[in-house]
Amino acid sequence: MYSRLAITRRCGAVRPVSWQFALGADFAERRADVAAQVESAIDELTAAVGSAPLLIGKSLGSLAAPVAAARGLPAV
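Taking our numbering, the leading residue of the sequence shown gets 1487, the next gets one more, and so forth.
It is possible that part of the hints are untrue.
[Said to hold, decoys possible] With beta-carbon atoms standing in for the labels, derived distance ranges: (1) 1496 - 1522: 25 to 31 Å; (2) 1488 - 1534: 21 to 27 Å; (3) 1536 - 1502: 18 to 24 Å; (4) 1503 - 1537: 14 to 20 Å.
Hints were generated in silico from the structure; no laboratory data involved.
As the structure is a computational prediction, the values presented were derived from the model and not from experiment.
Idealized CB from N, CA, C, for every residue including glycine.
Construct the complete structure from the given sequences, taking the supplied hints into account.
Below is the structure:
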């Protein structure tokens, strides 16, 4: 919430990602789902604004750290 406010006050674009998991998914499946959802969001936002995004994540969003590292993206 506060991250979104800071970004929008600086006229930045925000693409929130909410997690949707299959019931009974184990940790490896959740990690793969987070990575896939974040990859998709990165592609959408990059296409929309023409530049690579800053990733901001907490809790399950931290599972996207390998995605940020692989793409050389800044992340918090």
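The hints, checked one at a time:
{"no.": "1", "hint": "1496 - 1522: 25 to 31 Å", "result": "holds (29 Å)"}
{"no.": "2", "hint": "1488 - 1534: 21 to 27 Å", "result": "holds (23 Å)"}
{"no.": "3", "hint": "1536 - 1502: 18 to 24 Å", "result": "holds (20 Å)"}
{"no.": "4", "hint": "1503 - 1537: 14 to 20 Å", "result": "holds (18 Å)"}
When the structure is compared with the earlier hints, no violation turns up for any of them.
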